[in-house]
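Got chain A sorted already, so can you dock chains B and C onto it with the hints?
Take a look at the letters that make up each chain.
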Amino acid sequence: MSELFGFGVGHSTQSRAGKTLEVYFPAPVKHPSGAAQRVIREHVSVGVSSLSPASAAKLAGNLIDAGAADAARGCSLLAEIDKPLTALVLENDEAIRSTAEAYFKLQLLSHRLSLPNTLNLEGIFAQLPNVAWTSEGAIGVDEIEAALISARRTGRQLTVHCLDKFPRMTDYVIPTGVRIADASRIRLGAYLGEGTTVMHEGFVNFNAGAIGPNMVEGRISQGVIVGEHTDLGGSSSTMGTLSGGGNIKVSIGRYCLIGANAGTGISLGDRCTIEAGLYITSGTVVDVIDEDGNRVRTAKARELSGLSDMLFIRNSRTSKVECRTNRAAIKLNEQLHAHN
Amino acid sequence: MSELFGFGVGHSTQSRAGKTLEVYFPAPVKHPSGAAQRVIREHVSVGVSSLSPASAAKLAGNLIDAGAADAARGCSLLAEIDKPLTALVLENDEAIRSTAEAYFKLQLLSHRLSLPNTLNLEGIFAQLPNVAWTSEGAIGVDEIEAALISARRTGRQLTVHCLDKFPRMTDYVIPTGVRIADASRIRLGAYLGEGTTVMHEGFVNFNAGAIGPNMVEGRISQGVIVGEHTDLGGSSSTMGTLSGGGNIKVSIGRYCLIGANAGTGISLGDRCTIEAGLYITSGTVVDVIDEDGNRVRTAKARELSGLSDMLFIRNSRTSKVECRTNRAAIKLNEQLHAHN
Amino acid sequence: MSELFGFGVGHSTQSRAGKTLEVYFPAPVKHPSGAAQRVIREHVSVGVSSLSPASAAKLAGNLIDAGAADAARGCSLLAEIDKPLTALVLENDEAIRSTAEAYFKLQLLSHRLSLPNTLNLEGIFAQLPNVAWTSEGAIGVDEIEAALISARRTGRQLTVHCLDKFPRMTDYVIPTGVRIADASRIRLGAYLGEGTTVMHEGFVNFNAGAIGPNMVEGRISQGVIVGEHTDLGGSSSTMGTLSGGGNIKVSIGRYCLIGANAGTGISLGDRCTIEAGLYITSGTVVDVIDEDGNRVRTAKARELSGLSDMLFIRNSRTSKVECRTNRAAIKLNEQLHAHN
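Residue numbers (our numbering), protein chains in the order written: chain A, -6 to 333; chain B, -6 to 333; chain C, -6 to 333.
Same shape as in the complex, but just chain A (with noise of 0.2 Å):
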């Protein structure tokens, strides 16, 4: 038998129609041990399924036998929930075809399980249902006029926090050591570290994340990644492949600060900075301009992509853009001498 790409055991939103909205998986599983996965095999089939409560009771108890307490740990949380949960057994990383697959990968995502660009997200679009986040909890949009007047009708007030087929992160994982300031700015399935603080205007979308520890006032676009002790400034922008970016994926390097209103459309490597309002696109011209000022050479910026050491600035007295750079920086990457 081959391995198990993951397991989890679920509690899901039905519509009134009965389609599935959406599923929390209070501790999704990648990579069973060995004695789970035997222990899975035989009381769980490969897909989507249903389990009952007392199944999942018995199967949280032979986990735990096995010495799988970890794999158990979904099954216990949700036992005691009085109607049927969603069991799901995948044994291999494939394009997503269920909405319970789509929800289980989110969540590996947001539980730190998994980096952003390591999963096959492929149909997560198709797979995930538009749906309305209430103050009552996921409603289907073709629901929601009837639910609006069913609670002015009761006197309740249903507050619809958003229409989207992406839930809000916090109301399924909540990672140790992360500060949000603003919860609805942070999609199910971005990726945050710990140590890691995304202030007001922060955002962070799905397969996106900071590695932590990082503050974040800026937009982490789907697809971008950030290291660790890098700042983004308010306003700034990550370009991502759904965001105009194109097909370059944007990566951000360790110890760099992009400010306030500043964006990037190239990778940045390490202790890079990118100054406050400045937008730098993969077609900015930029001079390359060493430590005693002299001009080393003109280069596109997507020449420059995912080197280190840059210090980005549009100087005000000739207002072009340059890229800042020691000696030592230059001779390190030969890449930014290729075209001299």
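These are computed hints drawn from the structure, not numbers from a lab. You can trust all of the hints, since none of them are fake.
A pair counts as met if it fits within one copy or between any two copies, since identical chains are not told apart.
Cross-link-like lysine-lysine pairs, in silico, DSSO-like; alpha carbons within 30 Å at most: (1) Lys313 x Lys242; (2) Lys313 x Lys293; (3) Lys158 x Lys242; (4) Lys12 x Lys23; (5) Lys23 x Lys76; (6) Lys76 x Lys12; (7) Lys12 x Lys51.
Frame of chain A; chains B and C shown alone:
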């Protein structure tokens, strides 16, 4: 008899002091049919009036009998509510003289029954009370302290979502085919066409909107309208008449792209692009460049307002703002050559 | 006996583990009157103490009898709550040593009893626990998983609004004459003066604020204060000491306009404008231009910090950043000529 402009039956919230805070019209009607008008005029007086649930049920029945099921819908939806309803009959689209009228017109916009800038909204600020929008519904701002303490006393959490004259659209209208990642960013009175996605950083004011389909990650100010297939990048800005744009009413055409952190104080026709990070104000001096790279003329951006096929960039070699366009576009747009 | 600095009676939330998560002081008092001080010292010990509702009622009565109705207000408001209250007596404005003190000072600011930068906030981060602010109130971050599962079990929706040391202001203080379009953007400890409107894109940190009247569509960072009649455009940025501004404490005077997507790392006096999209950092080289269009001098922006009557633009012909000012302003501001 003249034609009626509008008709609605709504459910309102009063403050403890008896002031109308808001009115929900689940199915507002613009220009009711002749049959509907005859029934309405027979049963309801012009202006704002109170309607018992029993009268609403009867009115609904009469409208249906007259073949005006559309006009009956609002009555039917609310007829089971056990408190007096609000009926509104408007003969003309005049300046707003009541809270009910203000809410009616805002809901016409969000129900896509009227485009932005087509309704008489004079007096709207005076007729909209400032309200504390809370997890327990609309509360008068001078009654919120008592409500906070009452909640503490009984162990409830009272969350204040906003203090504003305008509520969030989604607590009133959920248009079809729309995604809204953060509902607190869309005011009632926004017009969101089919196929519009508003991401977390997007914002749409009242009397403003996107025809759809659109991707909105920037701010659509009051009075601004965005054409089909246009994308607004993250934090991009459109100047509204309430927000620094003065008398110029900005509109954005179809197939445009306003880059992340960019902005415009002029209107754009179709197929225009503003590169990420560039703000075009009406006074920005722009070199107009043809497809051979030759400068055709130099103009203030306001002279280009509303033209099509323009690409605005800051030339990163010369640092000047350029409007690149093709000869076809130049020929097409006589205005563009007017001051050559 | 020395004068008392502060007095408050509050209602607190404890985590299941017994830790104080937050304290609500409905009517905090700064510098109580002599009569109030005598009653307070007689009934309440200095520092943080527990107060039964009965004692609170008695204290309120005694304060009223002594002619100190203001100081009695907090006791009276909370006296009907059926759990021990928190009393706080501060002799001096010293470094913060308890969660109650931190909350007391943040509420002094939001109640407009203290201006930003006038209170000793040393130690505040250490004394504020990180809290999950939810639709069911404050929950310890290590207790939130259990709460999420408990909510699922009983069919409730538990929404986590934020995970932060600071709650939203409006769940504690609703200042008069203010509109706040998205309450999640205003931290407790913000100072919002009469007549201030904070739009959806506005943000105000703790120990920061707007004197009012103001239109705030940009970000007011920690330590920053904005004068009367000043507008901050959408997404505009003020650098705070916590957010990249280093040691410079930015303040903005009266009748200023910071354009949309613009920003400043220097202070502005009165009647200053920064055009939309322009970010002035302290190191920006600026040509100072008089009203005849002549260059008076070239300076780093930090040399102009705090001056009045400045208009900052990027000249779209030369692409240089200019500070345009009038001769009167130049004469008035000797500093401006200092390095001629």
